[in-house]
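Novice: Listed below, chain by chain, are the residues.
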Amino acid sequence: MNASLSLKRFVCPHCKKKSRLPQPVPESGLFLITCAFCGGKTLIRFDNHEYCIEKPISRNVGSFSDEQQVDSKKRNPLGPRQFQTKGRTFFRSLRERVQQLNASNQRWDPPKRRVPPREKVFLRLGSIFWICLFLLTVMVVAFAYLGTGILQTKSELSAMLTDLSKSKPTKIIDRNGQVLSEIFQKRISTLKLSDYPEHMITALLNVEDKNFYSHGGVDLKALTRAAFTNLLHMKYKQGASTITQQLARIMLNDRKKSLARKWKELELALALETYLSKDEILEYYMNHVYLGHGAYGFGEAIKFYFHKNPSEITRTEAFLLASLASAPNRNSPLRNPETSRERLEAIFRSMKERGILTDIPRNEINEIYTGFATRSPNETVFGNRQETSPYITESVRIFLNHFTENINIYEQGGFLIETTIQKDIQKNLESLVSSYLQTIQKNGTVKKTYLRKNTPELPREVLALKSLISDSSLAIELSSGMDFSKIDSSVPDTLQSAIIGLNPNTGEILFLHGGDKFHSQNQYNRAIQMRRQTGSSIKPILYAAAINSGVLTTADRILDAPLIYRGVQGLPNWTPDNHSKSYEGEISLRYALVKSKNTAAVQVAEKLGTSNLDFYFSMFFFPDKIEKSRRFRNDLSLALGSLEFSPLEMASAYSAFLNEGKIFRPYLIRRIIHPDGHIIYESGKQDEFQLGVPQERVVVSPDTAEVMLSLLKDSAKSSSVFRSGYRGSVAGKTGTTNDYRDAWFIGLKPGLSLAVWIGFDNPRYGMGPGGMGGRIAAPLWGEIAKLADRELSSPGKDFPKYSHAVPGKICPNLKSNCGDCPPGMEWFTRDNLKLDSCTFTEYERDSRKEVLQELF
Amino acid sequence: MGCGKPLFLVSLLLLDSLHADPALSIYEKGYRLEKDYSLFSIPLYERSLQASSDPKFQRIVATRLYYLYRKFRKYPDLLLHYSRYKSLLTIGSEHESAIRDLCRDYKISSEDFYRLYPVLFRANFEEIGSILEILTQTESKNLLTFAYFFLISTKKLEELRTILFYLPESIASPVLKIGLLVKMNDENTIEVINRYLEREELTNKEKSDALFLLGQYLMQNGNYSEAEKAFTMSQKLYDFSRGIREKGKLLVLQGRIEEACNLGNYPRRDFSESDQLLYILCNPSSRKIPPELKDSVQILLESENTRFYQAVLTLL
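So the sequence lines, in the order shown, correspond to chains A and B.
Residues 1 to 856 in our numbering are what the first sequence spells out, letter by letter.
Residues 1001 to 1316 in our numbering are what the second sequence spells out, letter by letter.
Where hints are given, some of them may not hold.
Only pairs whose alpha carbons sit at most 27 Å apart, straight line, appear in this in silico DSS-like list of lysine-lysine [stated by the list, open to error]:
id	chain 1	residue 1	chain 2	residue 2
1	B	K1056	A	K595
2	B	K1107	B	K1029
3	A	K581	B	K1207
4	B	K1107	B	K1086
5	B	K1086	A	K607
6	A	K517	A	K171
Hints in this document: simulated from the structure, not taken from any laboratory.
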């Protein structure tokens, strides 16, 4: 029956009503048309814009009701675009199928039938039957099992959904099992789906699951595509988890890669699809998916990343948030801005290729990432947490961020983190330090001093140091420590202190203090993250290198007299001065360290030479070559502390002198215990602070360590450690940098290597002439040592007796203040117990006997 | 365009040469020597100090030089240096400590030192009476020894001759008088020594000293064979090693290095430039004087003009 197309309707053979033809009307081909009234399907052939009904199709085959279409449209936030795409695909595929059928009919050449023997036919049919039966049985069993699982899951679903909004804290405990703090990682979004803007939902579905509204919990097409891609690359490249599956994974809270977990996830996903509407699934997902930095759900993430309400976010911001769902830590725009940006741009390119977007909003992307650049990579949603050990918690949190990918402590909670901290000391540390800093400011010892800017006039010392360095890029780096332009002036600049105490025999961190009052603008852990110039506190490393290498012994004498080094490229000459600007002539190595003589230190560095300096600084600080290439400058200025180190690095380096020349890598976390009781991490497995150092290393020989300990005992005596009232054993060295920017005291007492730093974050400020290491950092060291003695009930413990260093006679009349040497003797390493002839004694003998020799 | 780069480089070199600081260059040579041959850095520091008019530079070099004089017990030089650069030196109260060392080394009391030194420093013919008075009152051979070296260092040889003339032999040993004659290269030296050696009461040490001085005088005047004999006789009588050292130097200035070095093992002797040169030259590991000592030896030669330094310079 042919009909005119001008009518644009056809009479449905099922209900006899006139139903609409597809618009525009196809020119030719065979189409399956659904009646708008009864939903019955009819095969209609078009030819030159005219049609004829070929065959009505039975109503119970392949029905596609309008109700379903309407329902789908209503739920699908993608709107008509997706539906139209599906319609076109449907028509095209049908046409192709018919054409293929026609083509195959034309080519089909039926084979000559050879009638098999009756038995063979029965045998073959029998095999097919059994295979089919087996497969059917497997399928039936699997479906039955799955069905049972889904039914069983249904009963648990309600409880699981309730649990989803609860979370157990992860506890951080000290070395004796006392709780230091608890990490409540989850801050969950509680928005309704309708509260999220349309473009947020669109972005999420496009990025994570574009067929969300059309699949039944598992996207077979995506699964096949991912399997093919992964097989092609022979590694995991692409995932195919639907949003429902991801929600199931979040609910199961199990990231093990096992078949059982996958099966359970499948059951739960199908159960969710059965008992919840698509909108409900999406809402649960959007409120519970982890998006990094402690933010759970898009509501919290919008607040954390953009400080906005959900209705205020832009389309680009929505896509950025959507990009976080699959890998929140790796794609964090704060922690890994480059990776995040690459991921976002890839998403935009994909959207453009799919015709969803017309262009990539590069300007907006730039603006967003510029904003992120000013924020701390370690910022979390818990900006204003109040607790007794905030810097410990933050250090643990930073470690957990880098922890193994298989376990996400943020998502899960309930872990127990055993630290090396001595809570009894730690809990009193902040108040002690705070009170001390207030005192030294109130009594005028520290006077906040504004220092002149580094441009256009650089301090002569800086110019001179720069002149020593032939590589100009290094010179720029050196002066960058004083680049005031980088300092955020909005942050109030208060006097800060950084403290870290560790056990030299194990590397365990016993207590730490990262700065004044931990809050959202002040989460910088100065004890670990901050690197500053060390001033004279670096000298023991230099002296240890000289003694260990045999370049110098404690019997050697150094001429304490002014020095001058020629400036290069028109820069001023460098004239390293002693702090007192006074000189004492020939002095012993011990006296040079005790009096912190700069001229002596520079000469020791000269005697060591570049290769020895390189070797020993590598041993003490830079076993990692990349770290060394970034931070080490092999020039004489390092003798005066121009290199920058953290208090942690300094305390760790000094620990060698109390541990037979061996340094253990510092660590804070002893163990991490899973909620189910098994240990998932033990100390030593990872370099917690990413120092690039091995678990243990020998930097000097045991006898050198003992000689250094002897020298440092006398050095500490000349500081103001005892002004604090501390009367115990101490060996250490002070350090003060230019313009009193930094005051250091690194000291040892039995069982403790303790670094103390005081200064302002902003190098634009100095502390005035009172801000010397010996005057302000050493007494604070004494106060902390007293606290440690009190809390550990271990006062009066002395350093162990020397068992490696040997005593040897030295020439008399030398300035030497050895406090623990036998009379007229010094401590030597075993290899260097060889004394030069005492020229003083020789002179006395000569001057009596050979007066005439002086004439000629 | 093509010659732009060379021209730029040439102009840079010219600019560099204009900026070159000769005093600093000499200082740098001295500082390089200080690490291994501290004694020989002194002449270079002295020269660099004279060459500079920059107070900051002078402060650095003068202070360094002060402590080197002290280290090598060059007390007359130390005292003169202190009086000349007192305002530039950054030595705190170290000078008092240096005077204590001086008194201890010369075995004199600080009171005697502080009495004698001001007049000694001004020493002219009007002050000789005062010097003689102090020396006679104290009757201290040691105080005279200090005055003797100080006046020789300040080249006040005639004043010293007068002082020695008026002092009794109980204070001023004839050996000191002969030593002065040798220093002055007096033509009567040999006659005076011969007359002295004729004395019957002389000890072996006194004879040895006189023969040593005779050898010095003969060597100074080119009579090497006689000088060698004098040193041999001197070493036989008392101080063996002194005689050997002087014979060694005698052989060096004749160009007989191998023979000089085969005489024996020379001690280092940190306070004497010539002894150190001999020690370095005959060091079995090198058997040569390092070329970096050349400038320093040249300056020593200019100030002391000895044949030994001349000979060493020919080896450099």
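Novice: Does the structure break any of the earlier hints, and which numbers would those be?
Specialist: The structure conflicts with hints 2, 3, 5, although it agrees with all the remaining ones.
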